[in-house]
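A.B. asks: Residues per chain, in single letters:
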Amino acid sequence: MSKTSENPQTKHLVGRRAWRPAWPARPDRVLHRRRYFGTKRSVLKLSGQFNPKTLKREVVLTDKKPMFWLFGLFLLVAIPTAVGSERFLSLFGIICIYASINVMWTLIMGTAGLQSFATLATVGVGSYGAAYLSITFGLPWPLMLLVGLVLGIAMGFLISLPARRLDGLYYALLTLGLSEFCRNFVTQNEALGGKFNGALFGSARIVPSDMMTTRLGQTLAFLTTFIVLLVALAVFRWMNGGRIGLLLKTAATSKEDEAFASAIGIDWQRARMIVFMVASGVLGALGAFYSTYIGGTSLQIFSLDLLLLMLAMIVIGGLGRAEGAVIGTVIVVGITQWFTDWGPWRIVLAGALALLSVLYTRNGLFGLKEQMREIRTRRQALHRAAQTTKYAEFLPQQAPDIHDKSIIAGRTFERELREKLRGWITPEIIEEHRRSPLGQHSDHLERILNYFRKGPLPDKYAVYTEVPFQSYRVVALSGMPGVPPRIVDDKTYGSLDEAYHAVFMRRINDLKAS
Amino acid sequence: MATISITGYTDKVSYAPGDTVNFQVSVDNALQAQVEVVRLIHGDEHPEGPGFIEEVIPSTLSGSHAVTKQFVDDGNAVVVEDPRNLLGLTDSFTIYSFVFPTMPANGRQVLLGRYALNENAGYALGIDGHSRLAFWVADGKDSDEIASEIPLVHHTWYFVAVSFDAKSGKTVLHQQAVVNPYNGRLGRVAPFDHTSTVEQKLRVKPTVATSPFYWGAATNAAAMRGTFRDFKYNGKIDRSGIVGRALSLDEMKALADSGGVIADPLVFWDTTDGYGPDGIDDMVRDQGPNGLHGMGIQRPVRAMTGYNWSGKHDDWRVAHGEYGGIAFHDDAVMDCEWDDTFSWTIPAGTRSGAYAARVTVGEVEDHVPFFIRPTKATAPILYLMPTNSYLAYANEMIVHHVPVGQAILAHAAVLTEKEADYYQDPKYGRSTYDHWADGAGVCYTSWKRPILNIRPKWRSSAIGTTWQFPRDLSTIAWLENKNYAYDVATDHDLAANPDLLEDYKVVLTGSHPEYWSEQGLNDLEDYVAGGGRLMYLGGNGFYWVVSYREGQPEFMEVRKGEAGMRAWQAEPGEYYHQTSAEKGGIWRNRARPPQKLTGVGFTTQGFDECHPYKRMPDSYHKSVAWIFDGVEGEVFGDFGLALGGAAGLETERYDLELGTPPHTKLLASSTSWSDNYAGVVEEILFNHPGTLGTQSDTVRADMTYFTAANDGAVFSTGSIAWMSALPSFDFENNVSQIMKNVLDAFQKPGSLPGGAWNQEEKSWT
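Just so you know, the protein sequences line up as chains V and U, in that order. Under our numbering, the final residue of the first sequence carries the number 514; numbering is consecutive throughout. Under our numbering, the final residue of the second sequence carries the number 1279; numbering is consecutive throughout.
Heads up, some of the hints might be wrong.
Pairs of lysine-lysine, DSS-like flavour, derived with a Cα cap of 30 Å [claimed, not checked]:
#1 Lys-454(V) to Lys-932(U)
#2 Lys-767(U) to Lys-56(V)
#3 Lys-684(U) to Lys-40(V)
#4 Lys-1262(U) to Lys-1019(U)
#5 Lys-65(V) to Lys-684(U)
#6 Lys-56(V) to Lys-715(U)
#7 Lys-1254(U) to Lys-64(V)
#8 Lys-40(V) to Lys-715(U)
#9 Lys-715(U) to Lys-65(V)
#10 Lys-1262(U) to Lys-40(V)
#11 Lys-65(V) to Lys-655(U)
#12 Lys-512(V) to Lys-11(V)
#13 Lys-40(V) to Lys-64(V)
#14 Lys-1254(U) to Lys-996(U)
#15 Lys-1254(U) to Lys-1019(U)
#16 Lys-11(V) to Lys-45(V)
#17 Lys-454(V) to Lys-1254(U)
#18 Lys-719(U) to Lys-45(V)
#19 Lys-40(V) to Lys-932(U)
#20 Lys-40(V) to Lys-996(U)
#21 Lys-681(U) to Lys-249(V)
#22 Lys-45(V) to Lys-941(U)
#23 Lys-1110(U) to Lys-454(V)
#24 Lys-249(V) to Lys-767(U)
#25 Lys-655(U) to Lys-715(U)
#26 Lys-491(V) to Lys-767(U)
#27 Lys-40(V) to Lys-1254(U)
#28 Lys-681(U) to Lys-45(V)
#29 Lys-1254(U) to Lys-45(V)
#30 Lys-249(V) to Lys-971(U)
#31 Lys-655(U) to Lys-45(V)
#32 Lys-491(V) to Lys-1019(U)
#33 Lys-45(V) to Lys-1262(U)
#34 Lys-64(V) to Lys-684(U)
One side of the interface only, derived from the structure: several residues of chain V facing chain U at Cβ under 8 Å [to be verified]:
#35 Asn-51
#36 Lys-56
#37 Ala-476
#38 Gly-482
What the hints contain is simulated information worked out from the structure, not anything from laboratory work. Note that the structure is predicted; figures quoted are calculated from it, not measured. Just so it is clear, CB atoms sit at the ideal spot from N, CA and C, and this is done for glycine as well.
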């Protein structure tokens, strides 16, 4: 009997060449590990490893994020500065401002886990407050930022109050209502430009308005927005990547997590409030900055369509990630501001992108990598399942995942053994076992039993004593310390011999089934 | 609903009347428990026997007692007493060590340090969550770390060191492997390059933790539990030290060559210091100027090969300088150190026996066992219960971690609720049939912890019958049933009082007295040689070498060597006991096969069936025929609570080449067994398909009898299952009859029956 004839699988070569950056290690040298200023994070997260294929030392970049950030931020500042046109500079300025707002919103929605839609309301309050005070009392721009910050924190405090009682949808609705309330408040308030449909202009600017006609002024104005984005990102990193973010991750996803976090002594309510207040303060200051950037403010800031557009930005990029917030903003603002001649269709396009993102990605653009990996694993598993069975010989593509190669040789042996044993299962043998599960049996039965008894521990059958000498059940061992045996069915047996036979029959069925 | 669980232990194995028994009990989810002292009489619930029998002893303990949950601080460590706070390091320093991690991927572990997780304070050299060597400092608010460039490879010796400059925060972490052809799992051909030196500025300066300085652990705390050891290490640690300044990299590298010796150490622990003619204690000696000696916790294993093991000697007694390895296991338990829950002073006149505190809360019950020995002999009969062997099997869990277990035992495992629960969290340590978490064989076992299987009613999951203690109670029930006057004592009593046996006419063994110290074996041999009479009522006895340290009879050492039916084998070079300097392994390989003492020795084991004996021609000789008075037919013992026969499980064989006295009579034998009964491995030189029961004549059980000087004699049944046949048919059966014939003759002073029939036979037929 030729063995290859039983094995219809076509075997093909596997293997992959090195492509990712891996530097040779220098064990003879001292590795000086440097860190970013003021933090404990080392510059470029390089880690040494032994290449599992060669055991050679190599150094790999385990965290490529910082590289991408540097590169991305460089493009963000370099493109508009290099092009230098007013359109480019103002477009990227808006991108930076929206991105900053979105990053803070991400902090609230992702890190703190609060479904708050009062983001623009907070920005608006900072913006109107600062603009109003600047126009009325001639406040200079640095004080405007301070006023925005204070107003933002006050808003944060106000909005956080109901968060202790309200959850999810109800809280989202409440905060949405707050935005609408702010809009109405402005419309009906003459001091805030209610007469002019909320337009309130004439506040101080960081870059004076006469300079804004020059390329230098426009560039400077853009650069201020870029700096604001850097500040927002720094706050995000400080909150999300710091101890508070770590605490909140424990309570992040469900009520059970919250209960667990409380049980191990994490005051997640307090941590959540701190994050919320900090983010709100920054949002207020961002509002004030917006006023200093355009020299005033307008009702558009409270508008629902802007809010929804910003939601689209976050959704497209991927909720909970700063990079998602930034890239989402670039995409959506790019579409809506660049293709202005498309009219309303550009909004439809942004909406469609957001919809696609919700429908087909698990977590936006930046969740795609992980999603792709899972899809690949699933496809690989399906493909292999179609190619092979539980006791078939391993395929060449499976071998690299099996550290202990003796498992592979063992499988080859076991496959042949099982086939032989299957041929020996007869009613006579089963009856022989039923009559006497223990003791010397006929040669074939004895060999079948030996195979069963030698099997690996995971899912190995055993007998469980419910009442000694009265009631037994069949269980399967976990094979893992700490994991209890699992009861396989609801049958009970009146004697040990019956239970032994029940175990035997299960094993016979498993052998036949393969 | 919360589940109530009860367990406990006593502070000693055995007590005399007048002694106070301290019970350490833990009860989960109840505050009061009912307690009675009971004498245990029968422990096998098999329906063909009398079932569980206990006798309640009126005692001062009787009644309700306050109980509480108690925790176990498991895992090995070495603690350094440091009254002058010399190791509360806050200035510059260097720590170095030779280490052999066995589970570097098992999460954060401390090698050497004084670190309190609950205070976030201190410093430690350890292994991080990515298998890398790391050094941590913490100041009560914040912590910082430096890690090596590459992961540590398990079962490999490393020299590791860290120098910390407190002023600048400059920290240099260095590791290099010490690989020779002998000392690790891998040889030099595996192309690993283990050298790594990392320099980094740490932003935190350590403050002094309230934790002591530990090898192999940090301190942590939890609300109910209080402080406990955490970040426990698995692996070996050899010579280590601390220098009170930040050494340069070259100075650190020089330490790797000098074996850790430096001119100005703050402390230098030489782990090879302290070996003596009787082994080595738990103290880790500081050879530096300050005498900061360390003390092992939960008995770390010493007499282990060190980083510099050359492979030339396999014995620390010849080359102790190469035996600096101390093995740490994070799941080792030698002493639960529980508080006393209640105590009982045994009234004078209390009879000897196997006792227990029966602790109950509602339906839930546990028997916390202990033994009472007689103050002086009260009867001619002594039942010597094999407590060494009970300890060897204490909390045995073979079926859960040995894949071929069911093949060895020929059964699907038969679990009970208690065992299934325990396996989820084996917090009371393991038996010498198990492995520690890192795969090393368990070579220490202890009484000072709850032991699931030294309990009446317990049935071995491996076999589905009783094993050891609960089986041995069948002999007590039989002695009671037959109204013999007898005393009970244990291996531990014999160890404490070598003259114990002298006052008795006859000594009965347990069913499986497998583990013997040299002294115990000598005492028993002296007893028989001096005219004592031994009834060896078991199988696979007098087999493994064990030792205890003076003054610590609750902690037993076993090293399983290169032969014997063994659950594990000591690593090369680690066969010699830490507590006695003896070679571990089977007595047979130390020229004391069991046959020399009892006439029979271990020959096979199997667990699918037990069998009857058949009388052999010798049994009709008038010198021994009295043993079979009242026994009808050729076959006896075809019944019993252990798989239906008196011969089986683990059995023994007469063998002149192994020292059976030449005048020994082969009374009976049981043969033709199944293939599950395999010949013992120490007799297999070349393995071949003929060593199993259906094809091998050495697979059998022999019953023998021989006389010794001064009216001494030895009667051996050669089978573990023998004892379980006694209770069948209400103790009225031919096994019981044979026991009675022998015991009646043995307990009488004077000459033995049959002694006159000592001349050459002149038979015409």
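A.B. asks: Does Lys-65(V) pair with Lys-655(U) here, judged by a C-alpha cut-off of 30 Å?
C.D. replies: holds, 29 Å
A.B. asks: Is the Cα-Cα distance between Lys-40(V) and Lys-932(U) 30 Å or less?
C.D. replies: Measuring from Cα to Cα gives roughly 48 Å; hence the hint is violated.
A.B. asks: Regarding the hint that Lys-56(V) lies at the interface with chain U, is the smallest CB-CB distance below 8 Å?
C.D. replies: Holds - the Cβ of Lys-56(V) comes within 8 Å of chain U, reaching about 7 Å at its closest.
A.B. asks: Next item in the hint list is Gly-482(V). Is there a CB on chain U closer than 8 Å to its CB?
C.D. replies: holds, 6 Å
A.B. asks: Has the given pair, Lys-1262(U) with Lys-40(V), been kept, meaning a C-alpha gap of at most 30 Å?
C.D. replies: violated, 84 Å
A.B. asks: Starting from Lys-64(V), check that the Cα of Lys-684(U) is at most 30 Å away, please.
C.D. replies: holds, 27 Å
A.B. asks: For the pair supplied as a hint, Lys-1110(U) and Lys-454(V), confirm whether the alpha-carbon distance does not exceed 30 Å.
C.D. replies: Not satisfied, since the Cα-Cα distance of roughly 36 Å exceeds 30 Å.
A.B. asks: Can the restraint linking Lys-40(V) and Lys-996(U) be considered satisfied, given a maximum Cα separation of 30 Å?
C.D. replies: Distance ~79 Å between Lys-40(V) and Lys-996(U) Cα, so the pair is violated.
A.B. asks: Hint check: Lys-249(V) vs Lys-767(U), CA-CA at most 30 Å. Holds or violated?
C.D. replies: violated, 42 Å
A.B. asks: Between Lys-719(U) and Lys-45(V), is the straight-line Cα distance small enough, at 30 Å or below?
C.D. replies: At roughly 24 Å apart (the allowed maximum being 30 Å), Lys-45(V) and Lys-719(U) satisfy the hint.
A.B. asks: Straight-line Cα separation of Lys-56(V) and Lys-715(U) no greater than 30 Å?
C.D. replies: The hint holds at about 28 Å.
A.B. asks: Next pair to validate is Lys-40(V) with Lys-1254(U); report whether the Cα-Cα distance is within 30 Å.
C.D. replies: violated, 80 Å
Hints 7, 10, 16, 17, 19, 20, 21, 22, 23, 24, 26, 27, 29, 30, 32, 33, 35 and 37 from the list above are not met by this structure, while the remaining hints are.
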